[in-house]
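Student: Top line first, the protein sequences correspond to chains A and B. Sequential numbering from 86 applies to the first sequence in our numbering. Sequential numbering from 86 applies to the second sequence in our numbering.
It should be emphasised that the hints constitute simulated quantities derived from the structure, not laboratory data. Honestly, I wouldn't trust all of these hints.
One copy or two, it doesn't matter: identical chains are merged, so the pair holds either way.
Cut-off 20 Å, straight-line C-alpha distance, at most; resulting in silico cross-link-like pairs (EDC-like, lysine to aspartate or glutamate) [stated by the list, open to error]:
#: 1; residue 1: Lys169; residue 2: Glu189
#: 2; residue 1: Lys93; residue 2: Asp130
#: 3; residue 1: Lys371; residue 2: Glu199
#: 4; residue 1: Lys408; residue 2: Asp122
#: 5; residue 1: Lys304; residue 2: Asp207
#: 6; residue 1: Lys351; residue 2: Asp87
#: 7; residue 1: Lys222; residue 2: Glu403
#: 8; residue 1: Lys407; residue 2: Glu327
#: 9; residue 1: Lys407; residue 2: Glu189
#: 10; residue 1: Lys269; residue 2: Asp145
#: 11; residue 1: Lys304; residue 2: Asp145
Number of protein chains: 2
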Amino acid sequence: MDQSFIPKNRILLGPGPSNVNPRVLEALKRPTIGHLDPQFIELIDDIKRLLQYTFQTDSDATITLSGPGSLGMEASLVNIIEPKDKVLIGVGGYFAGRMKQIVEKIGGIPIVVEQEWGRAIDPQKIEDALKNNSDIKITAVVHAETSTGALTDIKTISEIAHKYGSLLIADVVTSLGACEILTKEWNLDVVYSCSQKGLSAMPGLSPISFSDAALEKIKNRTTPIKSWFNDLNLLMAYWSGEKRAYHHTAPANSFYGLHEALLILKEEGLDNSWRRHKENSVLLVKRLASIGLEPLTPERERIPNLLTIKVPEGIQEEVLRKKLLNEYSIEIGAGLGTLAGKVWRIGLMGYNSNEKMIELLISSLKDALSNKIV
Amino acid sequence: MDQSFIPKNRILLGPGPSNVNPRVLEALKRPTIGHLDPQFIELIDDIKRLLQYTFQTDSDATITLSGPGSLGMEASLVNIIEPKDKVLIGVGGYFAGRMKQIVEKIGGIPIVVEQEWGRAIDPQKIEDALKNNSDIKITAVVHAETSTGALTDIKTISEIAHKYGSLLIADVVTSLGACEILTKEWNLDVVYSCSQKGLSAMPGLSPISFSDAALEKIKNRTTPIKSWFNDLNLLMAYWSGEKRAYHHTAPANSFYGLHEALLILKEEGLDNSWRRHKENSVLLVKRLASIGLEPLTPERERIPNLLTIKVPEGIQEEVLRKKLLNEYSIEIGAGLGTLAGKVWRIGLMGYNSNEKMIELLISSLKDALSNKIV
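Given the sequences, and given the hints that come with them, work out the whole structure.
Tutor: See the structure below:
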């Protein structure tokens, strides 16, 4: 039917998007201005500064891409990798598997370290692989594997990678803003994220940051970057320097939203946000236990803002998930890949990480489960 | 400073973005929902249907990409072109030049037909090139070359391309919604556009459509598509069929805006919109003549919704342009590439194509010019 789309409001407690902070939604409707307007250049400089705080880096190559986190994954790989480059990837879930696919598509050679889904990537396996393959100069891991709920120790893996002369690319799509990430201190060479999880902005943007060593690798390429849209050299001509060269038309309204979201995070303080996500995760696990539900991932390897919960024996996961959506207007996530049908994914991210959401979820889940959906 | 970004409102009469219809801005702030929510699947089905109307095609492979028009250019080329494929490109401006860059980056071989900037691509030159290179199976042109104001006859060029067994990729970034485009009738194999020009939505999305012949070319590839994010096969698994497979997190709020914009265009009717842009273009040229300004491009090769105007002798183009922005809050565009410093680019697109805007622009221009900016 030809009529305006008025979405029915949802409580978004899946793997993302999470509910957007109302201040961000208000920002979206501000009047669009041009991407070369001096006001807009001030805005992107401000976004850069706020992203440097959020990523905890002082790298000038800290920008947002004009597309979702998946674009960030592709951009990080396509800038760094040349044909025939070996890339070590720790794969313990769907999103690391996607890294492998992209590496293959752009002509790199993925060397995969496999990990059981639901567990963090074992740093020892990364070390063994690097020890046995001295020509690997690029390592890539997912910090918070959204498909399994496992949080990998990227600080330790970064130390190992650099010990063997490898750069580290870290996917922080699900962790940025919600989990401790110290990009500079941990020597992370490329980090990329999204706007709609820990940052509580609308979906559609991908903050990304490159270290000096990553920039050096790009500078020393002997083959062209196999993308124009994601070519960091072209992007930086817009995001840096005295004269800003047009690259593409920036999504102005989404930039307003991201700016507002980053401001909100800074107002709270990163430390406070990390602590809040951690505390609410502990509370959620405790409350889930009270209704007989338990996480897939061991406690010390658990993403605080995204839990995978085992579907109890005798419950049809899809029926319960649809019931929650249709009767309680609560969205939770299904399992992906090998975990499909076996887990639910429950996110408490950004704006939604609070006790009220936990109690709402638990009472709704309890109610729905008691109706014996078998 | 850490405060919300409140843009000063602008009258956007440059090459885009144009001012966004207020209904679209209102739509942007509706609550975000998940990309797998049944409501959202209905929304993307609706967007597809409205885009089919806008492009005048019945192809199921009619979707929007989750990034700006530049991403659409890259997506169209990366899906169709395999390494060593020869691609004929008519180059008479900045954006066709970008096509050439992308073809090179992804390993194709560009065969360029040069055209003077400010003129439409000569169909005869395309025919000569195809006649002399029987192994060219892909031709690419820009319909409305935003950098020069020239409108190329893609209907005729499509006939020629197909006569020689070549597909036609047409960039309709600046023309969609404002100029006649009959994708199916004219046999255009790939068309891509943007959201912020003729459609009057916020910037950031790229509608795109593929013909059956284009899909066949993709199906018969012997090498992988060198992008995961732009891989049409993966995108179509989300945009079509019974079961919608997750690809990336769609920018929900921008999709709300695009949907509203497409609805507004349908309410007006495509024919009416094309006529309105044409009539206002004629009026604008007449009114510009009254203050001594004339277009670069000959009348029959002129983009109705984007004029390039010669900077008069003795006027510093940048000084006048900045004066318009700072004192009248009107944005017009500078020249790009070889036309830098020589032209202004004036857009009357979508929501802004009306007499009131013309009179506002003319009185402001007249006023600013009379202050002898030399």
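Student: If a hint holds in the structure, say so; if it doesn't, say that too.
Tutor: Against the structure, the hints:
| no. | hint | verdict |
| --- | --- | --- |
| 1 | Lys169 / Glu189 | both (10 Å within a copy, 19 Å between copies) |
| 2 | Lys93 / Asp130 | between (36 Å within a copy, 17 Å between copies) |
| 3 | Lys371 / Glu199 | neither (31 Å within a copy, 69 Å between copies) |
| 4 | Lys408 / Asp122 | between (48 Å within a copy, 13 Å between copies) |
| 5 | Lys304 / Asp207 | neither (32 Å within a copy, 39 Å between copies) |
| 6 | Lys351 / Asp87 | between (41 Å within a copy, 9 Å between copies) |
| 7 | Lys222 / Glu403 | neither (43 Å within a copy, 47 Å between copies) |
| 8 | Lys407 / Glu327 | between (53 Å within a copy, 17 Å between copies) |
| 9 | Lys407 / Glu189 | neither (36 Å within a copy, 48 Å between copies) |
| 10 | Lys269 / Asp145 | within (12 Å within a copy, 46 Å between copies) |
| 11 | Lys304 / Asp145 | within (15 Å within a copy, 42 Å between copies) |
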